[in-house]
Amino acid sequence: MTTTGGPSAELRIISARRSIPNHLREIWAFRELLGSLIRKELKVRYKNSALGFVWSMVQPVFLLVIYGVAFSILGQGFRDFPVWLMSGLVVWTLVNTTLVTSVQAITINATLVGKVNFPRAVLPLATLGSALVHFCLQFTTFFGVLLIARHHVDVAYLWLLPLAIIALSLFLAALVLVLSIFNVFARDTQHLLELALIAFFWALPIIYEYQRVTKWLTARHIPTWLPLLNPITSIIITFQRALYGSASVGTRLLLPDTSAWWYLRNIGIIAGVSLVLLALALRFFDRNEGNLAEMI
Amino acid sequence: MDSVVATGISKVFRLHENRPDSMKERIVHLGRNKKRDFQALQPMDLTISGGQTLGILGHNGSGKSTLLKVISGILRPTTGQVQLRGRIASLLELGAGFHPELTGRENVYINAAFLGISRKEIERRFDAIVDFAELSTFIDEPVKHYSSGMYVRLGFAVAINLDPDILLVDEVLAVGDEVFQQKCLDRVRQFQQEGRTIVVVTHAADVVRQVCQRAIVLDHGALIADSTPSDAIRVFREHLHGNLVDVGVDDTGSPLRIPKVAVHGGPSGDSKVLRPGDPLQLEVSFVATQTVEQPVLTVSIVSLSGQTVYEIDFDLIAQGVGPLSGEGTVRVPFTSVPLLDGRYSVTARISDRHDAGLSAMRMTRDGFSIDNPGVAHGVVALDVGGLSRT
Chain A
1 MTTTGGPSAE
11 LRIISARRSI
21 PNHLREIWAF
31 RELLGSLIRK
41 ELKVRYKNSA
51 LGFVWSMVQP
61 VFLLVIYGVA
71 FSILGQGFRD
81 FPVWLMSGLV
91 VWTLVNTTLV
101 TSVQAITINA
111 TLVGKVNFPR
121 AVLPLATLGS
131 ALVHFCLQFT
141 TFFGVLLIAR
151 HHVDVAYLWL
161 LPLAIIALSL
171 FLAALVLVLS
181 IFNVFARDTQ
191 HLLELALIAF
201 FWALPIIYEY
211 QRVTKWLTAR
221 HIPTWLPLLN
231 PITSIIITFQ
241 RALYGSASVG
251 TRLLLPDTSA
261 WWYLRNIGII
271 AGVSLVLLAL
281 ALRFFDRNEG
291 NLAEMI
Chain B
297 MDSVVATGIS
307 KVFRLHENRP
317 DSMKERIVHL
327 GRNKKRDFQA
337 LQPMDLTISG
347 GQTLGILGHN
357 GSGKSTLLKV
367 ISGILRPTTG
377 QVQLRGRIAS
387 LLELGAGFHP
397 ELTGRENVYI
407 NAAFLGISRK
417 EIERRFDAIV
427 DFAELSTFID
437 EPVKHYSSGM
447 YVRLGFAVAI
457 NLDPDILLVD
467 EVLAVGDEVF
477 QQKCLDRVRQ
487 FQQEGRTIVV
497 VTHAADVVRQ
507 VCQRAIVLDH
517 GALIADSTPS
527 DAIRVFREHL
537 HGNLVDVGVD
547 DTGSPLRIPK
557 VAVHGGPSGD
567 SKVLRPGDPL
577 QLEVSFVATQ
587 TVEQPVLTVS
597 IVSLSGQTVY
607 EIDFDLIAQG
617 VGPLSGEGTV
627 RVPFTSVPLL
637 DGRYSVTARI
647 SDRHDAGLSA
657 MRMTRDGFSI
667 DNPGVAHGVV
677 ALDVGGLSRT
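The listed protein sequences derive, respectively, from chains A and B.
Heads up, the first sequence is in the working numbering, so the first residue is 1 and it goes up one at a time.
Heads up, the second sequence is in the working numbering, so the first residue is 297 and it goes up one at a time.
Hints were generated in silico from the structure; no laboratory data involved.
Computed from a predicted model, the values in this text were never measured in an experiment.
Incorrect hints may have been included.
[What the hints assert, rightly or not] With a Cα cut of at most 20 Å, we get these calculated PhoX-like pairs of lysine-lysine:
{"#": "1", "chain 1": "A", "residue 1": "Lys43", "chain 2": "B", "residue 2": "Lys568"}
{"#": "2", "chain 1": "B", "residue 1": "Lys556", "chain 2": "B", "residue 2": "Lys568"}
{"#": "3", "chain 1": "A", "residue 1": "Lys47", "chain 2": "B", "residue 2": "Lys440"}
Sequences and hints are given; from them, build the entire structure.
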């Protein structure tokens with residue numbers, strides 16, 4: 001018998017359930033597949049286009065210009081409103097693309113799932129991965145434009161951004177694992193999700209500012225930490241605080257006038273909660289994975 | 297060392313009556329949606345030692361594909377566990393996961409990644425894969441331009457060139473043109489010689505006889521035989537007979553009927569599974585309310601593929617049976633049936649030489665089958681003496 005390195009040497013055990021560490025180990029063993037799928041998704045997206053991934057970078061610049069023109073004519077918003085808007089939108093785009101693509105990650109690959117054995121969690125995670133790559137391209141361009149335009153970026157908050165993205169990724173990972181399975185049970189999940197995302201967009205302080213919500217809540221004696229229960233909100237206001245560069249315009253408060261530690265605390269809570277959610281999601285995924293080939 | 301050790305594995309599918317595919321149906325049927333558990337695999341143990349070639353026989357719905365999927369981990373067992381030693385590749389997945397927009401080359405890498413093979417390793421084997429698939433000039437074309445044959449060839453080439461320790465084959469040797477099929481079969485043989493473990497799922501008995509050292513038979517999800525290919529094939533054939541329905545024409549009320557054609561085979565005359573050269577007796581029952589003056593009995597033996605292997609007209613007057621009236625049975629003894637592996641239907645027709653309107657027919661699809669213990673394959677069991685050299 002020919003012996004080769006890698007997975008061939010070890011003993012594999014297939015049973016109805018596996019522990020979370022084993023599940024993670026299997027996903028890790030297929031990390032190259034994760035990479036290949038991310039590359040594939042990007043390749044397919046830009047197949048037969050001359051500019052390729054440059055399109056990803058053009059989009060934020062174009063949006064900035066359009067918003068700039070539009071809001072200067074309309075006279076809405078506040079100073080540098082397009083920058084404010086974009087700071088939230090880059091995060092929103094990440095959330096939106098991840099969820100919209102991942103919900104179909106398993107159903108779209110039905111033949112594969114029915115015929116090949118690999119950790120199925122790789123499929124939804126790959127859609128998260130390619131959305132992250134896409135996000136990096138967009139963010140880099142956006143940030144580049146800010147630097148070129150000499151926009152005042154708040155360095156004291158900038159270091160929070162990678163942490164925020166890590167926390168957000170953990171949260172999204174948990175979500176995509178659950179959503180992709182739900183869609184196998186009932187294909188309506190993907191349509192419901194589309195509607196939910198439209199509503200969700202308006203629940204986030206992207207077009208309006210966070211302080212407007214807290215002001216509204218204070219007037220009604222409702223605790224102001226309530227919106228922070230939405231983890232995406234915390235991530236978005238962190239981006240706005242760092243990239244828009246200040247918590248206020250003149251005397252108008254846009255964001256809580258707090259130190260970076262307040263933001264860090266929120267990110268920490270999200271990361272912690274997301275880890276628990278991720279563990280639950282992996283468990284849920286594992287319980288259903290063994291029957292996917294038959295249900296799909 | 298054992299390649300596959302399955303202990304107490306079973307598989308239960310939860311069937312939803314009118315399975316709700318959408319949430320609307322789910323809500324509409326909430327509470328009164330019937331769920332039924334379907335036992336696709338009964339609890340069983342199965343150990344496949346390294347280097348063994350195992351055949352899994354069973355008719356459609358017997359659970360043989362489910363078993364293969366559980367062994368390969370595509371489905372996970374409801375109870376029990378499977379231990380696998382070594383890399384497993386299955387020929388179930390030919391071309392599954394190819395993306396039409398990507399080139400053959402790009403797809404090979406992704407396909408291999410799905411099998412858990414590193415990029416480095418696939419680079420080393422890339423040329424062998426392309427050679428085997430005979431696609432060197434097309435490898436950088438998007439696979440959407442491939443013919444279905446090229447598609448399958450590439451999938452097969454990837455699976456088989458990845459140096460698997462355990463190879464699972466599911467009825468796929470029937471793809472591609474004959475030359476390629478032969479190439480695949482050769483490769484399977486080479487794998488055997490190299491001492492790899494092979495599991496073949498099929499309902500073609502002669503494939504099992506040709507390549508397997510051991511065979512199991514599944515029926516309704518249960519393991520009903522685990523032995524040598526010959527014994528397993530016999531069990532498989534007998535079960536098939538049990539499952540087949542006798543098909544006839546509706547001839548109630550007609551003046552001449554054949555209610556039954558009984559088949560008695562083998563040396564003892566009580567079997568429907570024969571060895572080549574065994575005797576066989578047909579008993580054609582008839583009911584004639586009107587006398588058939590010049591009866592002719594036609595017997596034909598047709599193979600599963602529809603080929604008439606034998607057909608004969610008996611002039612029953614000349615045979616000394618005489619005119620037919622009332623109820624009775626005409627016996628047709630064959631002293632020897634020199635056929636090879638296969639299942640055969642028997643058709644009997646009685647007609648009157650002078651009265652075209654008076655006739656009856658019955659086809660017994662569940663005729664008999666031949667179980668060949670020898671190595672020869674084909675249609676006819678020719679007698680061959682000892683070889684010699686001069």
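Hint check results:
For a cut-off of 20 Å, the pair hint linking A:Lys43 to B:Lys568 is broken: about 60 Å separates their Cα positions. A C-alpha spacing of about 15 Å is found between B:Lys556 and B:Lys568, which places the hinted pair at or below 20 Å, so the restraint holds. With a CA separation close to 13 Å, the supplied pair A:Lys47 and B:Lys440 stays within the 20 Å bound.
Hint compliance for this structure: hint 1 alone is broken.
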